[in-house]
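With the hints as constraints, model all of the structure from the sequences given.
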Amino acid sequence: MNMRRFIMIENLQKAPKKVDFGMGPTSREMAYIPTIQNDLNTRRQIEMLPMWQHIEVAENGYFLLGEDALYLNAQLMAKLKKAGITGITEYTEYLGKAGETVGHA
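FYI, the numbering for the sequence shown is 111 to 215, going by the working numbering.
Hints in this document: simulated from the structure, not taken from any laboratory.
Model, not experiment: these values are computed from the prediction.
Built from N, CA and C at the ideal position, the CB exists for glycine as well.
Hints may contain errors.
[As the list claims (entries may be wrong)] Straight-line alpha carbon distances no greater than 25 angstroms define the calculated SDA-like cross-link-like pairs of lysine to any residue that follow:
no. : residue 1 : residue 2
1   : K127      : E169
2   : K128      : T152
3   : K192      : A168
4   : K189      : R138
5   : K127      : I117
6   : K189      : S137
7   : K192      : E157
8   : K128      : Q185
9   : K189      : Q163
10  : K128      : R138
11  : K127      : Q185
12  : K189      : E169
13  : K127      : E157
14  : K127      : L150
15  : K128      : Q155
16  : K189      : L174
17  : K192      : R115
18  : K127      : M187
[Said to hold, decoys possible] Restraint-style ranges between C-beta atoms, simulated for each label pair:
no. : residue 1 : residue 2 : range
19  : T196      : Q147      : 27 to 33 angstroms
20  : A125      : K192      : 33 to 39 angstroms
21  : G194      : K128      : 29 to 35 angstroms
22  : A184      : L122      : 19 to 25 angstroms
23  : G197      : G171      : 35 to 41 angstroms
24  : P126      : I195      : 30 to 36 angstroms
25  : G171      : A125      : 28 to 34 angstroms
26  : L174      : Q123      : 28 to 34 angstroms
27  : T196      : Q123      : 38 to 44 angstroms
28  : Q155      : L175      : 17 to 23 angstroms
In structure tokens, the structure reads:
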């Protein structure tokens with residue numbers, strides 16, 4: 111069973127709050143992350159999804175799979191850790207400096 115869900119989050123033109131992305135969110139992520147930060151209902155909905163990825167609709171009507179991130183919720187991360195799964199860390203290191211986070215809500 112594929113637990114990943116593809117979702118489209120409307121850009122509500124909200125101001126972004128500070129994020130914990132060491133390298134900063136991409137411009138594509140900035141189209142939907144402020145909505146998640148500012149709209150409690152949207153955040154609650156995505157927090158229920160074990161894994162999700164953002165999609166967009168192209169001008170021709172086809173869906174474009176987001177190239178930015180695959181997000182995991184906190185419950186899935188906790189279960190993976192409890193099961194002793196290795197290879198997924200919440201923060202990566204690049205050249206000795208904090209890098210990207212594993213996105214989870």
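Status of the hints after comparison with the structure:
Annotation: proposed proximity of K127 to E169 is violated, straight-line Cα distance about 29 angstroms (limit 25 angstroms). Annotation: proposed proximity of K128 to T152 holds, straight-line Cα distance about 18 angstroms (limit 25 angstroms). Of the pairs offered as hints, the one joining K192 and A168 is violated, with about 40 angstroms between alpha carbons and a cut-off of 25 angstroms exceeded. The hinted pair formed by K189 and R138 fails the criterion: a straight-line CA distance of about 29 angstroms is larger than 25 angstroms.
Of the pairs offered as hints, the one joining K127 and I117 holds, with about 21 angstroms between alpha carbons and a cut-off of 25 angstroms not exceeded. A distance of roughly 31 angstroms separates the Cα atoms of K189 and S137; the hinted pair therefore is violated under the 25 angstroms criterion. At most 25 angstroms may separate the alpha-carbon atoms for a hinted pair to count; K192 and E157 meet this at roughly 19 angstroms. For a cut-off of 25 angstroms, the pair hint linking K128 to Q185 stands: about 23 angstroms separates their Cα positions.
Proposed proximity of K189 and Q163 is supported: the alpha carbons are some 20 angstroms apart, at most 25 angstroms. At roughly 16 angstroms between alpha-carbon atoms, K128 and R138 fall within 25 angstroms of each other, so this suggested pair holds. Note on K127 and Q185: the hinted pairing holds, with a Cα-Cα distance of about 23 angstroms set against a maximum of 25 angstroms. Proximity of K189 to E169 is assessed by CA-CA distance (about 39 angstroms); at most 25 angstroms being required, the pair is judged violated.
This hinted pair checks out: K127 and E157 have alpha carbons roughly 18 angstroms apart, not beyond 25 angstroms. The hinted pair formed by K127 and L150 meets the criterion: a straight-line CA distance of about 14 angstroms does not exceed 25 angstroms. Between the alpha carbons of K128 and Q155 the distance comes to roughly 21 angstroms, so the proposed pair stays at or under 25 angstroms and holds. Note on K189 and L174: the hinted pairing is violated, with a Cα-Cα distance of about 30 angstroms set against a maximum of 25 angstroms.
Using a Cα cut-off of 25 angstroms, the hinted pair K192 and R115 holds, with the two alpha carbons roughly 23 angstroms apart. The suggested pairing of K127 with M187 holds, with an alpha-carbon distance near 23 angstroms, which does not exceed 25 angstroms. The hinted window of 27 to 33 angstroms between T196 and Q147 holds, with their beta carbons roughly 30 angstroms apart. Taking 33 to 39 angstroms as the suggested C-beta distance range, the pair A125 and K192 conforms, at roughly 37 angstroms.
Roughly 33 angstroms separates the CB atoms of G194 and K128, a value that falls within the hinted 29 to 35 angstroms. Take A184 and L122: their Cβ atoms lie about 23 angstroms apart, and the range 19 to 25 angstroms holds. Between G197 and G171 the C-beta distance comes to about 37 angstroms, which sits within the given range of 35 to 41 angstroms. In this structure the hint that P126 and I195 lie 30 to 36 angstroms apart at CB holds, the actual value being about 31 angstroms.
For the hinted restraint 28 to 34 angstroms between G171 and A125, the CB-CB distance of approximately 30 angstroms keeps it satisfied. For the hinted restraint 28 to 34 angstroms between L174 and Q123, the CB-CB distance of approximately 20 angstroms leaves it violated. Judged by the Cβ atoms, the range 38 to 44 angstroms given for T196 and Q123 holds: they are separated by roughly 41 angstroms. Checked against the hint of 17 to 23 angstroms, the C-beta distance between Q155 and L175 comes to roughly 20 angstroms, which is consistent with it.
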